[in-house]
Amino acid sequence: MKFFIDTANLAQIKEAHEMGVLDGVTTNPSLMAKEGITGQENVINHYKAICDITDGDVSAEVIATTYDEIIKEGEELAKLHERIVVKVPMIKDGVKAIKYFTSKGIKTNCTLVFSAGQALLAAKAGATYVSPFVGRLDDVSTDGLALIEDIRTIFDNYGYTTQILAASVRHPMHIIECAKIGSDVITAPLSAIAALLKHPLTDNGLAQFLADHAKAAGK
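To convert, take the position in the sequence shown, counting from 1, and add 13; that gives the numbering used here.
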């Protein structure tokens, strides 16, 4: 399973990359705004800076919601770097745009997916990735992980190559469960990824090893 980091923070992207587990990056307008990245030129330069850090795909989201504007904006984003994946919303014009981008060899990530039917439409249109939002479904008392499982079953039934990119992943158990279900990718904040490192028995065991070594060395 691939690990993407869901942020526009360059320091966090570098930290994940240096950890050796980073396969890509996802961003959106909210994450850009959180980092104070405003203005078209600044946003474009920030995408380029992200691409310079990671060796994997970088999802860059369009703001447009009509077919012609999605195409125009998406093509401009795709020209920025070979690793850019055009992130398109799950709307009718978005699905149409995904079909167009696919025909032009431009990678796409269909975002804001909350049902298996939406994921199926995106896959039929040729999306590279489909992003079901696990945490946001949990927020409204719906099983987000069950959606991942349903999409996995459908894609496997018909041999769709669209990758399931579990989004809105908020904690380490989301990551583990997505891996068990068979999600191709998870995208999560650095805190959730780093939390996989921690276990009290690891901490206790290391402390004991170090104490025994110090004792044997006469320290």
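Hints listed in this document are in silico derivations from the structure and should not be mistaken for laboratory results. Misleading hints may appear alongside valid ones.
[Stated by the list, open to error] Below, a list of computed lysine to aspartate or glutamate pairs in the EDC-like style, where the Cα atoms sit at most 20 Å apart:
id	residue 1	residue 2
1	Lys120	Asp152
2	Lys47	Glu28
3	Lys120	Asp36
4	Lys61	Glu48
5	Lys120	Asp106
6	Lys47	Asp68
7	Lys211	Glu28
8	Lys15	Glu162
9	Lys117	Glu95
10	Lys15	Asp216
11	Lys193	Asp169
12	Lys137	Asp169
13	Lys211	Asp197
14	Lys15	Glu95
15	Lys117	Asp163
16	Lys112	Glu162
17	Lys61	Asp81
18	Lys92	Glu82
19	Lys105	Asp81
20	Lys120	Glu86
21	Lys109	Asp151
22	Lys228	Asp216
23	Lys85	Asp65
24	Lys112	Asp68
25	Lys112	Asp151
26	Lys193	Asp216
27	Lys92	Asp151
28	Lys117	Asp106
29	Lys92	Asp65
30	Lys120	Asp156
31	Lys137	Glu89
32	Lys117	Asp151
33	Lys193	Asp225
34	Lys193	Glu48
35	Lys27	Glu88
36	Lys15	Asp65
37	Lys193	Asp163
38	Lys117	Glu89
39	Lys15	Asp68
40	Lys120	Asp81
Going down the list of hints, with the structure as the test:
1. Lys120 with Asp152: 30 Å, violated
2. Lys47 with Glu28: Status holds; Cα separation ~18 Å.
3. Lys120 with Asp36: Roughly 16 Å between the alpha carbons, so the hint for Lys120 and Asp36 holds.
4. Lys61 with Glu48: 15 Å, holds
5. Lys120 with Asp106: 17 Å, holds
6. Lys47 with Asp68: Measuring from Cα to Cα gives roughly 24 Å; hence the hint is violated.
7. Lys211 with Glu28: Given pair Lys211, Glu28 holds - Cα atoms ~17 Å apart, limit 20 Å.
8. Lys15 with Glu162: Satisfied, since the Cα-Cα distance of roughly 17 Å is no more than 20 Å.
9. Lys117 with Glu95: With a Cα-Cα distance of about 13 Å, the restraint between Lys117 and Glu95 holds, given a limit of 20 Å.
10. Lys15 with Asp216: 27 Å, violated
11. Lys193 with Asp169: 15 Å, holds
12. Lys137 with Asp169: Roughly 13 Å between the alpha carbons, so the hint for Lys137 and Asp169 holds.
13. Lys211 with Asp197: Violated - the C-alpha atoms of Asp197 and Lys211 are around 23 Å apart, more than 20 Å.
14. Lys15 with Glu95: Given that 20 Å is the threshold and the Cα spacing comes to 19 Å, the pair holds.
15. Lys117 with Asp163: 29 Å, violated
16. Lys112 with Glu162: It is violated: about 25 Å lies between the C-alpha atoms, which goes past 20 Å.
17. Lys61 with Asp81: 24 Å, violated
18. Lys92 with Glu82: Judged against 20 Å, a Cα distance of about 16 Å means the pair holds.
19. Lys105 with Asp81: 12 Å, holds
20. Lys120 with Glu86: 14 Å, holds
21. Lys109 with Asp151: With Cα atoms ~29 Å apart, Lys109 and Asp151 exceed 20 Å; violated.
22. Lys228 with Asp216: With a Cα-Cα distance of about 18 Å, the restraint between Lys228 and Asp216 holds, given a limit of 20 Å.
23. Lys85 with Asp65: Roughly 24 Å separates the two Cα atoms, so the pair is violated.
24. Lys112 with Asp68: 26 Å, violated
25. Lys112 with Asp151: Violated, at roughly 30 Å.
26. Lys193 with Asp216: 25 Å, violated
27. Lys92 with Asp151: Distance ~36 Å between Lys92 and Asp151 Cα, so the pair is violated.
28. Lys117 with Asp106: 17 Å, holds
29. Lys92 with Asp65: 15 Å, holds
30. Lys120 with Asp156: Given pair Lys120, Asp156 is violated - Cα atoms ~29 Å apart, limit 20 Å.
31. Lys137 with Glu89: 24 Å, violated
32. Lys117 with Asp151: 36 Å, violated
33. Lys193 with Asp225: The hint is violated at about 37 Å.
34. Lys193 with Glu48: 33 Å, violated
35. Lys27 with Glu88: 27 Å, violated
36. Lys15 with Asp65: 19 Å, holds
37. Lys193 with Asp163: 13 Å, holds
38. Lys117 with Glu89: Holds, because 13 Å separates the two Cα atoms, which is no more than 20 Å.
39. Lys15 with Asp68: 12 Å, holds
40. Lys120 with Asp81: 17 Å, holds
Comparing the model with each numbered hint stated earlier shows that hints 1, 6, 10, 13, 15, 16, 17, 21, 23, 24, 25, 26, 27, 30, 31, 32, 33, 34, 35 do not hold.
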